[in-house]
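Quick one: dock chain against chain with the hints and give me the complex.
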Amino acid sequence: MKKVDPIQISNLPLKEWAKSKSRLLVLGKYPDYIKLAKSLEEKEISLDYFYLPSREWDSLSRNDRWKRNKDFISEKIRNSKCVIIISNYISSLDEVDGQLRDELDYLVELGYHIEDGFKVVK
Amino acid sequence: MNKEPTIEIILLEGFAKIITEAAEKFYEGKDSSMIELLEPLPSFLELGGLEDDQLRYSLLTKIEENLKENGEAVNFWILYSQDKRVNEGHYICEESDEKWSFGKIVNGKISEKRTFDDIFEATANFALSESISICQRNSSKIEEEAVVSESRYQTRTL
Chain P
216 MKKVDPIQIS NLPLKEWAKS KSRLLVLGKY PDYIKLAKSL EEKEISLDYF YLPSREWDSL
276 SRNDRWKRNK DFISEKIRNS KCVIIISNYI SSLDEVDGQL RDELDYLVEL GYHIEDGFKV
336 VK
Chain R
36 MNKEPTIEII LLEGFAKIIT EAAEKFYEGK DSSMIELLEP LPSFLELGGL EDDQLRYSLL
96 TKIEENLKEN GEAVNFWILY SQDKRVNEGH YICEESDEKW SFGKIVNGKI SEKRTFDDIF
156 EATANFALSE SISICQRNSS KIEEEAVVSE SRYQTRTL
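Residue numbers (our numbering), protein chains in the order written: chain P, 216 to 337; chain R, 36 to 193.
Note that these hints are calculated values from the structure, not bench results.
Among the clues, some could well be false.
[Claimed, not checked] For lysine-lysine, the following BS3-like pairs were computed, each having C-alpha atoms within a straight-line distance of at most 25 angstroms:
id, chain 1, residue 1, chain 2, residue 2
1, P, 250, P, 291
2, R, 139, P, 217
3, P, 250, R, 144
4, P, 218, R, 134
5, R, 134, P, 250
6, R, 144, P, 334
7, P, 253, R, 139
8, P, 253, R, 60
9, R, 139, P, 258
10, R, 148, P, 282
11, P, 250, R, 148
Predicted, not measured: the structure shown is a model, and the values here were computed from it.
Looking at chain R on its own, in the form it has when it is part of the complex (with noise of 0.2 angstroms):
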């Protein structure tokens, strides 16, 4: 008997083309922000995908499945990576011996490092954590903004 997919799969395979793609999508629309076209993924956040390591394997391990039927994919993200003009965060490159690691770069060195033999592994690892951090970042950035509107509002009231 099949089984219907639940309200969690159908989410999760949703997160998981949404970030498959946002690379892609960033270079060929050139309009476009990752903060844009990562929008519907802070309700992965609010689904506690940060804290339950089952939910956030699952997303890995469909984010790389999916980059293994579209090879294009994973070269966008690598471009991503390549192309980042910060002083800190993720990154993904390949190292000398046909392996490729996937890091985190804070004060201009490395301050996390996994290497892979499975280039689809170590970008399904590099999308999914930048993409997660640039939706932190974003809602972080939200909420000071939300503190400051609601402090100026205050003042008025005072």
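Just chain P, same shape as in the assembly (with noise of 0.2 angstroms):
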């Protein structure tokens, strides 16, 4: 899965986005998301993204990884109005696996949908 070009990433309104109280929550592929999510908070702007100490990680099920993965993304979105980008380009839903499509497929269902293959919006 291609990784989104981070010119196009510095292109969004991410300062006016943070101005407007909007939150900036970062989804994606790891290493990619983690890499996008540090250059961001790096030119300052504020952000959210899942990530547990390791240890803790490596301790838990799939399911109870996701279950902590969706009681964040459920928490984030619920207390303030949001602005979701990914890492890497979503040609379409059926192209993602793993814990990324369990992502996007919550974020569906509560009736956000991809735009220009990176950006989650309602």
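The following block contains the structure:
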């Protein structure tokens, strides 16, 4: 799955979103999503992304990992207006599997849809 | 004359099988953690598997052979890497030129990276390093818990 071009991300009005009190949430496949999130943090862009300490992650089953991830997303989108970006291009949900598919299916269930292959909006 | 396999070879083949199949079992089971699935592996560390380059190389080679016989296991290890939600650790991913990279993320940046033409070699490296890291993190956690428990005991007996 192709990574999103960093130029496309930097062209987004990320600071304006932050000023308008929208929260930016970063999703994607490891390690792409964590690299994208850290690079945005370095630009002082306020954002959220889900991760657990490795020891805790190792001790969880697949079901428990998804439960923790879902609870995190649920809390973020409930408490504020959220703009969600994905570190990997999605041309169709059918090409996505694993944890990212669970994340996107959950957001689609809540009325979100994928825009331009890397944004998730309501 | 056929030589009987040594105990080291039998153990090594057992460890290689456990590592090869761990990701597949993780996705099939849904209720097992990787720590549980890799439970016998700390014996490899006790055998000195980390310090002994030859032992580690033999295990890596055996995992690679197993992966060549079980292509599904490769897919599950790649999915396992993509599904990680941690801020540092090992990864495997496909590069744009049909090569595969295996590396490590520290503070959101790549701190180690090796590129492979061969998906089996890259996956074997990832599967072995990830499995050993999981066991090491878990054994240091157990040691820390034992120290805490010991200090609590000493406090009570003082």
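So, going through the hints one by one against the coordinates:
1. Proposed proximity of residue 250 (chain P) and residue 291 (chain P) is supported: the alpha carbons are some 20 angstroms apart, at most 25 angstroms.
2. Of the supplied pair hints, the one linking residue 139 (chain R) and residue 217 (chain P) holds, its CA atoms being roughly 20 angstroms apart against a limit of 25 angstroms.
3. Among the hinted pairs, residue 250 (chain P) with residue 144 (chain R) is consistent with the structure: their alpha-carbon atoms are about 6 angstroms apart, no more than 25 angstroms.
4. For the suggested pair residue 218 (chain P) and residue 134 (chain R), the alpha carbons sit about 15 angstroms apart, so the restraint of at most 25 angstroms is met.
5. In summary, the hint linking residue 134 (chain R) to residue 250 (chain P) is supported, as the alpha carbons are separated by about 20 angstroms, within the 25 angstroms threshold.
6. Taking the CA atoms of residue 144 (chain R) and residue 334 (chain P), the gap is near 23 angstroms; set against the 25 angstroms cutoff, the hint holds.
7. The suggested pairing of residue 253 (chain P) with residue 139 (chain R) holds, with an alpha-carbon distance near 15 angstroms, which does not exceed 25 angstroms.
8. With a CA separation close to 32 angstroms, the supplied pair residue 253 (chain P) and residue 60 (chain R) exceeds the 25 angstroms bound.
9. Note on residue 139 (chain R) and residue 258 (chain P): the hinted pairing holds, with a Cα-Cα distance of about 23 angstroms set against a maximum of 25 angstroms.
10. Restraint check for residue 148 (chain R) and residue 282 (chain P): not satisfied, since their Cα atoms lie roughly 31 angstroms apart, outside the 25 angstroms limit.
11. The hinted pair formed by residue 250 (chain P) and residue 148 (chain R) meets the criterion: a straight-line CA distance of about 14 angstroms does not exceed 25 angstroms.
The structure fails hints 8 and 10 (numbered hints given earlier, in ascending order).
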